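*Asks:* With the hints as extra help, turn the sequences into a complete structure.
Its first residue numbered 1, the sequence shown is counted upward by one per residue in UniProt numbering.
Calculated lysine to aspartate or glutamate pairs in the EDC-like style (CA-CA distance at most 20 Å, straight line):
1) Lys-102 with Asp-138
2) Lys-202 with Asp-164
3) Lys-180 with Glu-190
4) Lys-191 with Asp-164
5) Lys-202 with Glu-181
6) Lys-152 with Glu-99
7) Lys-172 with Glu-190
8) Lys-191 with Glu-77
9) Lys-180 with Asp-121
10) Lys-202 with Glu-155
11) Lys-103 with Asp-138
12) Lys-152 with Asp-111
13) Lys-146 with Asp-121
14) Lys-146 with Glu-99
15) Lys-103 with Glu-155
16) Lys-180 with Asp-164
17) Lys-152 with Asp-164
18) Lys-191 with Asp-175
If you are wondering where the hints come from, they were derived from the structure by calculation, not from laboratory data. Because the structure is a prediction, the values reported are computed rather than measured.
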Amino acid sequence: MEGHCDQGRRQKFFSGGVETNILNEEIGDVADDLNDHPGEDDVGEVVVQQQHYPWEGSDRDYIYEELLGQVFNILRENNPELAADRRRTVMRPPQVLREGTKKTVFVNFMDLCRTMHRQPDHVMAFLLAELGTSGSLDGQQRLVVKGRFAPKNFEWILRRYISDYVICPGCKSPDTILMKENRLFFLRCEKCGSGRSVAPIKAGFVARVGRRNTGT
Numbered sequence: 001m002e003g004h005c006d007q008g009r010r011q012k013f014f015s016g017g018v019e020t021n022i023l024n025e026e027i028g029d030v031a032d033d034l035n036d037h038p039g040e041d042d043v044g045e046v047v048v049q050q051q052h053y054p055w056e057g058s059d060r061d062y063i064y065e066e067l068l069g070q071v072f073n074i075l076r077e078n079n080p081e082l083a084a085d086r087r088r089t090v091m092r093p094p095q096v097l098r099e100g101t102k103k104t105v106f107v108n109f110m111d112l113c114r115t116m117h118r119q120p121d122h123v124m125a126f127l128l129a130e131l132g133t134s135g136s137l138d139g140q141q142r143l144v145v146k147g148r149f150a151p152k153n154f155e156w157i158l159r160r161y162i163s164d165y166v167i168c169p170g171c172k173s174p175d176t177i178l179m180k181e182n183r184l185f186f187l188r189c190e191k192c193g194s195g196r197s198v199a200p201i202k203a204g205f206v207a208r209v210g211r212r213n214t215g216t
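*Replies:* This is the structure in structure tokens:
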């Protein structure tokens, strides 16, 4: 009889809507348990799980990993500039086009000058001196040089320019300023504060690759 009564109750629940109400109440109870403190319990549980260590709540000594983590946290808090030191200045490769048979166009010349934080006139003077040629900026701010040169020629010269006029020789930081005083250029580092004079631009012979004498 009891089984028959239970079956009858279930039928009554479904037909009369009572079962639906009971299910809603149960779901509501579960939701209340989960949302007693909305947005706090969930986050709190995650934080506890992330910060749980075997030595918590005990008198054991700190392990190496914890001590190392604390040291790095203290360094980051007291020296926020250390986090920025890990970033690297990434330069795009030179984009070079041929203009006719006697000229070469350095398309992204201005973009690379902005990346290096250097005046285009100074960079152009160095490039032309090393290439042993003449050139100028066109209407699109592209560097047009006389002669036929490969992208590797420009890339090699830019590496030398960065080494001589951008990178700090002391701390190797690219965060430097090139200043001119009394007809001399000085490189001052914004990170370590050091400064030094840099060599004047003079014509080189290395980059004369690919040029031919047309006659005397």
